[in-house]
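Q: Full structure from sequences and hints, please.
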Amino acid sequence: MKLLLDECVPWPMHRLLAGHDCTTAQKCGWGGIKNGELLRRAEGK
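The letter at position 28 of the sequence shown is residue 28 when you use my numbering, and the numbering goes up by one with no holes.
Hints may contain errors.
To be verified - List of simulated lysine-lysine pairs, BS3-like, C-alpha gap at most 25 Å:
1. 45 <-> 2
2. 45 <-> 27
3. 34 <-> 2
4. 34 <-> 45
5. 2 <-> 27
If you're looking for bench data, these hints aren't it; they were derived computationally from the structure. Keep in mind that this is a model prediction, so the values were computed, not measured.
A: Below is the structure:
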């Protein structure tokens, strides 16, 4: 499962999601983007 962690989720939380493909909005270059647009971009990735 692919998971996109938003800015409000601390990166260390990804350890609790072992076995899943985790990345952050910041790592994708999407820092500061509002939820609706963030979801649209994530769906396209």
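Q: Give a verdict on every hint.
A: Evaluated hints:
1. 45 <-> 2: OK: residue 45 and residue 2 at ~10 Å, within 25 Å.
2. 45 <-> 27: Holds: residue 45 and residue 27 sit about 13 Å apart, inside 25 Å.
3. 34 <-> 2: OK: residue 34 and residue 2 at ~20 Å, within 25 Å.
4. 34 <-> 45: 17 Å, holds
5. 2 <-> 27: With a Cα-Cα distance of about 14 Å, the restraint between residue 2 and residue 27 holds, given a limit of 25 Å.
Going down the numbered hints, you'll see the structure goes against none, and every one checks out.
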